[in-house]
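S.K.: Each chain, written out:
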Amino acid sequence: MGYGPGSALRPFPAPHLHEGPTTAGMMFSVVLCLLPAGIWGVLLFGQRALHVLLVSVGASLLTELAVSGLFLRRFTLADGSALLTGLLLGYSLPPAVPLFIPAAASFFAIAVIKQSFGGLGRNWLNPALGARVFVMFSWTGPMTRWQAPLAAADVLSGATPLGLAKEALSHPVPGLRGPIELLLAGLRPSGLRAGPLSDLLQRLGRLAPAGYGQMALGNVAGCIGEGSALLLALGSIYLFVKKIIAWEIPAAYLGSFGLLAWAFGGLPFGAGLFRGDAAFHLLAGGLALGALYMAADPVTSPLKRPGRLIFGLGCGALTFLLRTWGSQPEGVALAVVLMNMFVPLLNRIGGRPISREAEQ
Amino acid sequence: MKERAFIGGLARQNPLLVYLLGLCPALAVSDLVSKALGLGAGVILVLLAAVAAARLLRPVIPERLQPIAWLVLVAALVSLVDLAMQAYLPALRQQLGVYLQLLAVNCLILGLVERLARSRSLSRCLRLAAGQGAGFTLALLLIALVREVLGSGTITLFPLGSFGGVIRVPGLSLYPVRVLSLAAGALLLLGYLAALAGRLMARGRKAEQRSAG
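Order-wise, the sequence lines are chains Z and U. Here numbering that gives the first Met the number 0 is used: position 203 in the first sequence is 202, and no number is missing along the way. Here numbering that gives the first Met the number 0 is used: position 46 in the second sequence is 45, and no number is missing along the way.
Please keep in mind that the hints were generated in silico from the structure rather than gathered at the bench. We put the beta carbon where it would ideally sit given N, CA and C, even for glycine. Careful, some of the hints might be misleading.
Stated by the list, open to error - Some but not every residue of chain U turned toward chain Z, in silico, with C-beta under 8 Å:
#1 Tyr-174
#2 Val-176
#3 Arg-177
#4 Val-178
#5 Leu-181
Bound-form chain U, shown alone (with noise of 0.2 Å):
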């Protein structure tokens, strides 16, 4: 299954829509698909910086004061993206709030740090963390998409030029569903999204079955 890092983090393994992780940040960022990508981009970078520091600070320190260590690590990384974020990109750092801060107890992180800490392959320990990083991203934009289109009417990405970053939807945009942008509508869209994985996961694994037999 080496070949499967990073695929896995995309399909059978992803964090949000099989092992349900990182859920606060991904309920309360999803609302916006501008939110969904910044908050993305975090976590890809965090997960990605935190496990390749953790793998190499393995061997200094002691085993009972890892788990305090890394999450000082993690900490560090997310202030680090925070306080860049602010600087470089400050009305996106307004719009993901507290919950960018949060990332630094965010338990998909922590664990995937305190999992790949022990890992042998460095390269497969990126591997990892990039497709775990990139599933998260996926699955969170693709309930943002679901959430702003239909609960808004609109999706809203970056100003770039003349494009003022928000497009609007014919039609949905004059009677939005709004349910879906408020927190029970993400909560339905997740709902129904971790069954359609799981009914597909299901599915794969009966065929899997029948292939081998």
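For reference, chain Z alone in the conformation it holds in the complex (with noise of 0.2 Å):
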């Protein structure tokens, strides 16, 4: 993309048209997008989720005002940011840890990861993800106990998806061809609880192959907010539709992800190349809630559609790694934390700065 002269896009002086986008107004949209998939995560693990959710956003947003007026003397609460980094952490824990987890992932988040480096904007990792792996190392055993949807017809308890894969490639099982075989393997048809909700889980799973369905909707164990890929997509759409997020970024990451584990996911469990469960490994775990709305994160990804598009190859490989032949079954935070650090190396690729070119 080049804005020299010649090119559609060229710096004139003021007067501008202005739309009017500010930064609180994109953090607000993307809450709003948000909100479905934690309401409905809500709906599915119950009251403990609310509360995890709450104490997250809540210490975020404390966090924010201590550090804020404490040492900037600055009201920044407004600009909507600790709210989103508060949301999307209290999203990408499971529902069932104790309190203090969300809390001291918070101000992490706020106090160590964004404002220590200067507050919004010259933070280098994403807050909420950083928070996340920062937790996840502290209290590996509290971050990994899981706990199943509260109407769960039709889904097993206990493990999440990737656990089951993991669990099955340490420990092989014989004639087993894929994971989602795992996961139908442990469908309990008998509906544990009948009401109205597991009445709509049943009736929107069954379009869908089975798993996948069950999967699309996040009825299987799994952090709060990371399950439905459906809703989750679904809340993206405005997103790309007002550009807040780039889309080369969740493309190339989503895409070059899929194929790898379309490629190379089969090999494993003995099916040879080009027989992986891409459906799968899509729909599992946190890459939606990832791919979408942390990778994106305007701070701490890329500015030029060349850098963005390694930086998601990048997360994309990393997190097919990870989740294969690393030590823990989800590997998405942990991708993105670290294509996070390559994006000041990856600005310098595709080309100067505008305002260079415009001196030439």
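Take the two lone chains and join them into the complex the hints point to.
M.R.: Okay, here's the thing in structure tokens:
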């Protein structure tokens, strides 16, 4: 993309038309787009999930207020970034964590990752993801205790789909050809609790093959807000249309990850090349949340298209490697955090800054 | 500033928090208080002996061979401390592992020996070396205290009589912040402490300027 003479995009002197986007406006749009998935998560996992979300958002707002008040003497709560960080963080925690974990994670996200480096726009890690990595390594036990959804008709309890897949990789099951079979093997057809929610789940689940349908709906054990890939994707459509998130990053991320999972995902199961279950891996775990809402965070992602594409590719490849050969079932958070560190380098690819080009 | 030779090492010329010297052992052994104390004692001993020996040997060693000579000297002293520790404090030696031997190429020690060998006054030399060693040990101890209390919920000292050597911090030993006891936590904490030291020094400088002007 060039900005020089002859290109369609040229810097012009004022007056300009202004659409009126503000940081706060962007933040609140993202929060709104995230809300359906969160409400769904609370419906699925119950009151406990709501408590976790409230604590993480509350602690995030309080920390922002305290740190900006004490050190910056400035009121920064209104930019909405602390609210968004708290919400994203809550979404990426298991519903059954002890409540000190969301509080500690929010404090770490705001005070250490964001404000220590100069506040919004200067943090070099996505605060929510960095804090998730922090609590994951600090309190691995509580962070990997899962809870099955409340209305879990047709679903197994306890393990997440990715946890099952990981387990199968370390203890091979004879005759197993892919991770979805494990999920289906664990399905319990007897509804645990009849009610409007489980009815709805069953009806919706029939739209896709059983296991995949339930995974897209988020009716499996997992983090509060990451479950429903469907709702997260629906919410992100608005963000794509308004160009709040750059399409290149999720596209490169999901594309490269899906391709790798399809090409090599079957190898550990002995199924050979190009036999991997890409749909399972795309729907499982925190990929939708990570790729759509966290990797594309405008502060911690590259500015230009080539950089964004490489960033997405790196996230996809690392996520696949970590999920398949890492010690933990999930790798989204680590992959994105690792790629966040390369952003300053990636920003040097794809042309010089506009101002310098205009000088010549 | 003559009277500041010792105190300077503790505060304004702190090798760890201000000059960021000797980071490698500092980050590696600051996860337990006992390790920090052991390495700190080793640094003080080696530093004092090396500075004194270098100061005395300087007239008989040709100028261009001096850096190599100091290296040999420091390595020999570190080996001495290492052997003594193996003999009398085997458990601590085990904990410190290779980091005690790595003091032989520690930039803090080598740099200080190189600098002080030219100094005129032996007593000032020793005070400076003691100050730097003590400053390093204190900073290391501070980092280790924070890391161990928050990261493991314990304070590890040395077993003495009926005292087992480990104090458990109530409440924290159940769910410690384990990241702080990992390498990442050491860097994080050192960054905050260095920033704090910088802020305090800037404030001190301002106060000095005000009182001078």
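S.K.: Tell me the numbers of any earlier hints that the structure contravenes, in ascending order.
M.R.: none
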